[in-house]
Amino acid sequence: KKCLYVVNFSDFQMDALDGHFAGEIRLAYYYDGNGNVECVTGGSVNGSIFEAQSELTFSSETQKLSRFEGPKACMFKNVAVAGE
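In my numbering, the protein residues as written are 1 to 84.
The set of hints was computed from the structure by calculation and includes no laboratory data. Among the hints, erroneous ones may be present.
Here are the simulated SDA-like pairs of lysine to any residue, each with C-alpha atoms no more than 25 angstroms apart in a straight line [stated by the list, open to error]:
1) Lys1 to Glu61
2) Lys64 to Asp11
3) Lys64 to Leu27
4) Lys2 to Gln53
5) Lys72 to Gly19
6) Lys2 to Ala73
7) Lys77 to Ile49
8) Lys2 to Gly42
9) Lys1 to Leu56
10) Lys77 to Val45
11) Lys72 to Arg26
12) Lys72 to Tyr29
13) Lys77 to Glu24
14) Lys2 to Phe76
15) Lys1 to Asp32
16) Lys2 to Asn34
17) Lys72 to Gln13
18) Lys1 to Asn36
19) Lys2 to Val37
20) Lys72 to Gly33
21) Lys72 to Gly47
22) Lys1 to Tyr31
23) Lys64 to Phe76
24) Lys2 to Gly33
25) Lys77 to Thr57
26) Lys72 to His20
27) Lys72 to Phe21
28) Lys72 to Tyr5
29) Lys72 to Glu51
30) Lys1 to Phe58
31) Lys77 to Asn8
32) Lys77 to Ser59
33) Lys1 to Ile49
34) Lys2 to Leu27
Please construct the entire structure, taking both the sequences and the accompanying hints into account.
Right under this line is the structure:
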């Protein structure tokens, strides 16, 4: 399957009232679905958590940080991605 695996965001913002989020991609990998992988730097991802939550999947792997303990990763479907 085609997918963008974001390793790191340089910035990520979310509006708690309307659920819209946006993140600037620092490092990601694009999988084209044919076995090819391409490194991606730059670009952005944005969407609405309220629209995406029905298809949101959390990893079973967890992490513990100073102010957060929970899933290490999550997968969103059908969010907007911009950049090259």
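Hint by hint, here is what the structure shows:
no.	hint	result
1	Lys1 to Glu61	22 angstroms, holds
2	Lys64 to Asp11	20 angstroms, holds
3	Lys64 to Leu27	22 angstroms, holds
4	Lys2 to Gln53	20 angstroms, holds
5	Lys72 to Gly19	21 angstroms, holds
6	Lys2 to Ala73	18 angstroms, holds
7	Lys77 to Ile49	11 angstroms, holds
8	Lys2 to Gly42	18 angstroms, holds
9	Lys1 to Leu56	17 angstroms, holds
10	Lys77 to Val45	11 angstroms, holds
11	Lys72 to Arg26	18 angstroms, holds
12	Lys72 to Tyr29	17 angstroms, holds
13	Lys77 to Glu24	17 angstroms, holds
14	Lys2 to Phe76	13 angstroms, holds
15	Lys1 to Asp32	7 angstroms, holds
16	Lys2 to Asn34	8 angstroms, holds
17	Lys72 to Gln13	18 angstroms, holds
18	Lys1 to Asn36	11 angstroms, holds
19	Lys2 to Val37	10 angstroms, holds
20	Lys72 to Gly33	24 angstroms, holds
21	Lys72 to Gly47	20 angstroms, holds
22	Lys1 to Tyr31	7 angstroms, holds
23	Lys64 to Phe76	21 angstroms, holds
24	Lys2 to Gly33	5 angstroms, holds
25	Lys77 to Thr57	9 angstroms, holds
26	Lys72 to His20	21 angstroms, holds
27	Lys72 to Phe21	19 angstroms, holds
28	Lys72 to Tyr5	13 angstroms, holds
29	Lys72 to Glu51	22 angstroms, holds
30	Lys1 to Phe58	18 angstroms, holds
31	Lys77 to Asn8	18 angstroms, holds
32	Lys77 to Ser59	14 angstroms, holds
33	Lys1 to Ile49	23 angstroms, holds
34	Lys2 to Leu27	17 angstroms, holds
Taken one by one, the earlier hints all hold for this structure without exception.
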